[in-house]
Amino acid sequence: MIIKYFSWIKEQIGKSEEQIELPHHIKNVNELINYLNEIDEKYNLIFEKKDIIKIAVNKTYSSFDTNINDNDEIAFFPPVTGG
Amino acid sequence: MTKSPPLIKIKIQNEDFDVSVETNILQQNNTGAIVNFVGIVRGYDEKNDQIINSMTLEHYPGMTESEIENIIVESYKKWELTGITVIHRVGYLKPYDQIVFVGVSSKHRQNAFNGCNFIMDWLKTKAPFWKVEEKNNERNWVSFNESDNKALKKWEK
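Protein sequence lines correspond, in order, to chains H and V.
Okay, so the first sequence: first residue is 27 according to the numbering used here, each after it adds one.
Okay, so the second sequence: first residue is 319 according to the numbering used here, each after it adds one.
Think of the hints as simulated: they come from the structure by calculation, not from any bench.
From a predicted model like this one, the values you see are computed outputs, not experimental measurements.
All residues carry an ideal CB built from backbone N, CA and C; glycine is no exception.
Treat the hints with care, as some may be off.
[As the list claims (entries may be wrong)] Part of the chain V face toward chain H, derived, beta carbon under 8 Å:
(1) L375
(2) Y378
(3) S384
(4) H406
(5) V418
(6) M438
(7) K442
(8) T443
(9) P446
(10) K449
(11) W459
If we strip away everything but chain V, and leave its shape as in the complex, we get:
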């Protein structure tokens, strides 16, 4: 049987997104399972013991989308996904705002869990986004977290 290509949606936007709308889109596809991940802006920097007032995100238009597309192609080859949606917000965000959505559908739940996790791990290390955190009297570009590289190791098997 020929496999039909997965339904893919990639959006980089300032606006918020609606998880139920996105879930509904994934549900339209030939699916038995949906796994969604939603990243939220943290309100506290535990490492430096500081309150985060806001955050601003920038990206590299064109490259960000193509890197996400590369990750998505890898993911559906590996996990037989039937639908993939990645929405990443940029611009000015406040604590507890939604920042990223990764939703995947598959016929079976393990592929959906793994596919979502795989996309998120690679997005953290490859997709060109940069965060600057605004605190009381300072703003700091967030440094790359080495644990994000370690998270990739589990996919080497």
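Bound conformation, chain H alone:
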């Protein structure tokens, strides 16, 4: 699975993307965040600001309870500020 980060989330986590092997018991985005958080506390920021973080699964807006699998591309980013 590829995980991408943008804007200040990318800077706080310290990378723009990473590849992980998704453990079988992880079924949705929420569980993925819990899993990452167990690996490293820097991921905590995704939790702390859960009310504003946006999620995309395979480049489509999604939510914390969206189902995921190992072939998916997940992205975490703050609210958009283009235009």
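The hints should help you fit chain V onto chain H, whose structure is shown.
Just chain V now, with coordinates in the frame of chain H:
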């Protein structure tokens, strides 16, 4: 009569764009009205009373284009547009640089005005772009402006 699909152009690029060239493309289509919007990099942050030296924009390649496409499809169903061009610049920009172009053509002016406004409002809230402003000794990621969400309310009618 079968309606022909609108002429659509979406570009995410570092380079500047030429409004007259883009207008000319929209003019080639079956049109009676063109409305263009051009967003410009501001040189001053009024909220924090600070001069902005420059700005850098990033986007999510692939998703940004598909979100813009979704907005465009909504817009032409709603406003009978005959042509739509969205160009958004990314990378390093200076104050007063052009940042975004939204141009639409339609047979009638009200549809063109509304279509352009609709695309811009949705682009501000859905298209994955992020701006970081560079000021004297600091750089700040721009926060989402709640008024952009309020702007969407007018399309709920």
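Hint-by-hint comparison with the structure:
no.: 1; hint: L375; result: holds, 7 Å
no.: 2; hint: Y378; result: holds, 6 Å
no.: 3; hint: S384; result: holds, 6 Å
no.: 4; hint: H406; result: holds, 6 Å
no.: 5; hint: V418; result: holds, 5 Å
no.: 6; hint: M438; result: holds, 7 Å
no.: 7; hint: K442; result: holds, 4 Å
no.: 8; hint: T443; result: holds, 7 Å
no.: 9; hint: P446; result: holds, 5 Å
no.: 10; hint: K449; result: holds, 5 Å
no.: 11; hint: W459; result: holds, 5 Å
Going through the hint list in order, the structure satisfies each hint without exception.
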